[in-house]
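As a plain string of letters, each chain reads:
2 protein chains.
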Amino acid sequence: MVNIVIIGSGNVAHHLVEAFKIHEKLTVVQVICRNPKKMHGVIDAKLITNQYDEIINADIYIIAVSDDAIYEVAENLKLNDKLIVHTSGSKNLSDLGNQNRKGVFYPLQSFTKSKNINFKTIPICIEATSEKDYAILYNIANSISDYVYEINSEQRKMLHLAAVFANNFTNHMFKIANDICDSNNIPFEILKPLIKETSEKILTVSPNDAQTGPAVRKDLATINTQLSLLETENQKAIYKLLTQSIQSNV
Amino acid sequence: MVNIVIIGSGNVAHHLVEAFKIHEKLTVVQVICRNPKKMHGVIDAKLITNQYDEIINADIYIIAVSDDAIYEVAENLKLNDKLIVHTSGSKNLSDLGNQNRKGVFYPLQSFTKSKNINFKTIPICIEATSEKDYAILYNIANSISDYVYEINSEQRKMLHLAAVFANNFTNHMFKIANDICDSNNIPFEILKPLIKETSEKILTVSPNDAQTGPAVRKDLATINTQLSLLETENQKAIYKLLTQSIQSNV
Chain G
101 MVNIVIIGSG NVAHHLVEAF KIHEKLTVVQ VICRNPKKMH GVIDAKLITN
151 QYDEIINADI YIIAVSDDAI YEVAENLKLN DKLIVHTSGS KNLSDLGNQN
201 RKGVFYPLQS FTKSKNINFK TIPICIEATS EKDYAILYNI ANSISDYVYE
251 INSEQRKMLH LAAVFANNFT NHMFKIANDI CDSNNIPFEI LKPLIKETSE
301 KILTVSPNDA QTGPAVRKDL ATINTQLSLL ETENQKAIYK LLTQSIQSNV
Chain Y
101 MVNIVIIGSG NVAHHLVEAF KIHEKLTVVQ VICRNPKKMH GVIDAKLITN
151 QYDEIINADI YIIAVSDDAI YEVAENLKLN DKLIVHTSGS KNLSDLGNQN
201 RKGVFYPLQS FTKSKNINFK TIPICIEATS EKDYAILYNI ANSISDYVYE
251 INSEQRKMLH LAAVFANNFT NHMFKIANDI CDSNNIPFEI LKPLIKETSE
301 KILTVSPNDA QTGPAVRKDL ATINTQLSLL ETENQKAIYK LLTQSIQSNV
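Residue numbers (my numbering), protein chains in the order written: chain G, 101 to 350; chain Y, 101 to 350.
If you anchor each label on the Cβ, the simulated ranges turn out as follows:
no., chain 1, residue 1, chain 2, residue 2, range
1, G, LYS178, Y, ASP309, 35 to 41 Å
2, Y, ASN239, G, GLU124, 54 to 60 Å
3, Y, ASN216, G, THR325, 29 to 35 Å
4, G, GLY110, Y, SER283, 27 to 33 Å
5, Y, THR325, G, ALA235, 29 to 35 Å
6, Y, GLU250, G, ASN324, 23 to 29 Å
7, Y, ASN216, G, ASN218, 24 to 30 Å
8, G, GLU333, Y, GLU175, 37 to 43 Å
9, G, GLU333, Y, GLN199, 40 to 46 Å
10, G, VAL316, Y, GLN199, 32 to 38 Å
11, Y, GLU300, G, TYR238, 24 to 30 Å
12, G, LEU327, Y, ARG134, 29 to 35 Å
Derived from the structure by calculation, the hints contain no laboratory data. Predicted model, so just to flag it, every value in this text is computed and none were measured. Quick reminder that beta carbons are idealized off the backbone N, C-alpha and C, glycines included.
Build the full structure now, drawing on both the sequences and the hints.
Below, the structure is given as structure tokens:
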């Protein structure tokens, strides 16, 4: 049995509690968060507190708060030589202070509170400073997910950056496509099957091999026509830069 | 019963023949293509020819060849007052010449020959110059797909351009993410569930509402750190421009 304290009440905290509570070998013994109401309905209200001095003994303390709050939360934990981890893709281990054993438990997914998630398919990237702590983290991660990776701090930052391209910037491409549809009275719905296929394709084909379109074909006539059709300078600049980037393949 | 002649042997021609032949009210009576072998196994070899003067009578002639070849193919069709259509997102009706009734039958999807496709879910954008021809196209499209849209030539060009953002440029974001992973010994696999979620999210949430990440949060510290981590000038330029674009929301 692993006893877990969760600090936080956001999307990640919420989904972690849900994932842990269906697993018999993992017990969330306490949730600490500023506004206990936010976790009502997720876990027994008696286990929730906003008082750091009520913190109880556990095997691991998972800080699942926004990046900027991690340092302050870690400072508030009056613990010694305990295993405390954060769930951030971009923060350093050093943000967890020096009073305790440190680690990272980073589930790589874009969480939405209202949307149920099957944690089994979410990659969890773990890091620890000793083999013993690594084993504890691996045991927890492996209980809730089928995809556990050992990722060190340097790699984790690069992975988080790669995720900005794969998620944030990709979503912005959808947004521009949506804008183009809107200003031409075209239902954005028409593009959804294509978007679905685009992301499904790279499950089996590398993005490099999956590239299609006027840029990779070096179809200058279509590229010039499309540039002239775009309505904003911003869209034109993006079209040019990405076309260039696809062609130079760097 | 609708008798159909297909001209072409590429991905679109291939998938159209497959889609038509399982529908009892649609009959592919002939396929014309330069290299008949390419269509062997897809349809009875006796129905395939590379001789334009062997062209037979049909209700509709679908030119499913590469954009640049449409004009020449249309010139070669020795027909008069027949309904001929192309399947291109970016070409004009005028590319089909003036001898015949013209139209467009544009299935909006990224086709791969080796991959089976359920045509029912592929949007088909149709255009015709008379109500009668529109009805013929609608009947065919509606037989093989649940998503048929009337899209005029101007809209179609903009839709094709939107698809460049939604598919080509999105895939390039995956490629850069893959490059970042490769150069840091991170398995690209880790990002696949996130990519899947990114495209699934916009089925129910608008891309504008789905935007997350340092750019939309205006998290300057993370943005600057990530810019300094990127390894190529090209990646930096793309990161800057897309971050700017997300923030200005134009």
